[in-house]
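Visitor: Construct the entire structure; sequences and hints are all you get.
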Amino acid sequence: EAQVTQNPRYLITVTGKKLTVTCSQNMNHEYMSWYRQDPGLGLRQIYYSMNVEVTDKGDVPEGYKVSRKEKRNFPLILESPSPNQTSLYFCASSPLGPRTTDTQYFGPGTRLTVL
Amino acid sequence: AQSVTQLDSHVSVSEGTPVLLRCNYSSSYSPSLFWYVQHPNKGLQLLLKYTSAATLVKGINGFEAEFKKSETSFHLTKPSAHMSDAAEYFCVVSEGNFNKFYFGSGTKLNVKP
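The listed protein sequences derive, respectively, from chains A and B. Under the working numbering, the first residue of the first sequence is numbered 55, with each subsequent residue one higher. Under the working numbering, the first residue of the second sequence is numbered 1025, with each subsequent residue one higher.
There's no promise every hint is true.
Claimed, not checked - Below, simulated DMTMM-like cross-link-like pairs (lysine to aspartate or glutamate); rule was C-alpha separation at most 20 Å, straight line: (1) B:K1124 with A:E116; (2) B:K1066 with A:E124; (3) B:K1132 with A:D92; (4) B:K1124 with A:E84; (5) B:K1082 with A:D156; (6) A:K111 with B:E1119; (7) B:K1124 with A:E107; (8) B:K1132 with B:E1088; (9) B:K1124 with A:D110; (10) B:K1124 with A:D156.
Stated by the list, open to error - Residues from chain B that face chain A, not an exhaustive set, calculated with beta carbons under 10 Å: (11) Q1030; (12) S1056; (13) F1058; (14) Y1060; (15) Q1062; (16) L1068; (17) L1070; (18) K1073; (19) K1093; (20) T1101; (21) C1115; (22) V1116.
Said to hold, decoys possible - Pairwise CB distance ranges, derived in the manner of DEER restraints: (23) A:S136 with B:K1136: 37 to 43 Å; (24) B:T1101 with A:K119: 37 to 43 Å; (25) B:K1082 with A:N82: 25 to 31 Å; (26) A:T154 with B:E1088: 18 to 24 Å; (27) B:K1136 with A:T69: 41 to 47 Å; (28) B:G1086 with A:E55: 24 to 30 Å; (29) A:T76 with B:P1064: 42 to 48 Å; (30) B:N1065 with A:G70: 25 to 31 Å; (31) A:E55 with B:H1106: 22 to 28 Å; (32) A:E55 with B:K1093: 35 to 41 Å; (33) A:N138 with B:I1084: 32 to 38 Å.
Since the hints were derived computationally from the structure, they do not count as laboratory data. By construction, the Cβ of each residue, glycine as well, lies at the ideal position given by its N, Cα and C atoms.
Guide: Encoded structure:
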């Protein structure tokens, strides 16, 4: 089944404790992206990747890191999480991204709470 | 810069009545436009997308949207609301020149029995 998977789905952590949220897609998509969703703000793009080893900042990259060593995986890293990073996070993938009219496919979301 | 404005944060309709969710965008180029739906505690699902082939776009579950370039709008409509339509809806714009997708702030649709 074609899908985007994220792990973990729920995470409660403490300020400053490094964490990684994994994202994987099995559709051979080139474009992958991370978003955070906060009430009243919609989804805001954190980072995106056009292909392996090609990543760039979205609109809210501060406090986050990403890597794209393999086409299928795009982990989101919070080196030193803070309470303002408490949010619902979505990973998405798209065959070629905004360069075309491609649709994005979303993962199920990761609800992160930073105490 | 690109931006997406969803004019209503909440819309409430009665079951069986029409639905109108409004979206305006700003774009310097020819955009692609999407509507996504998010049911409570679920991920996002594509409803429909505009790709310049036709200005009236039909999507899943009876939803439609019309692209009006002169008004820079892409409003979402449905002739008759169903209880299962209660969800949050997002209008999204993309432009190839910027490699990004831009989301509106969302409209929560409530459907009353």
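Visitor: So which hints don't hold here, by number, going up?
Guide: 2, 19, 20, 29
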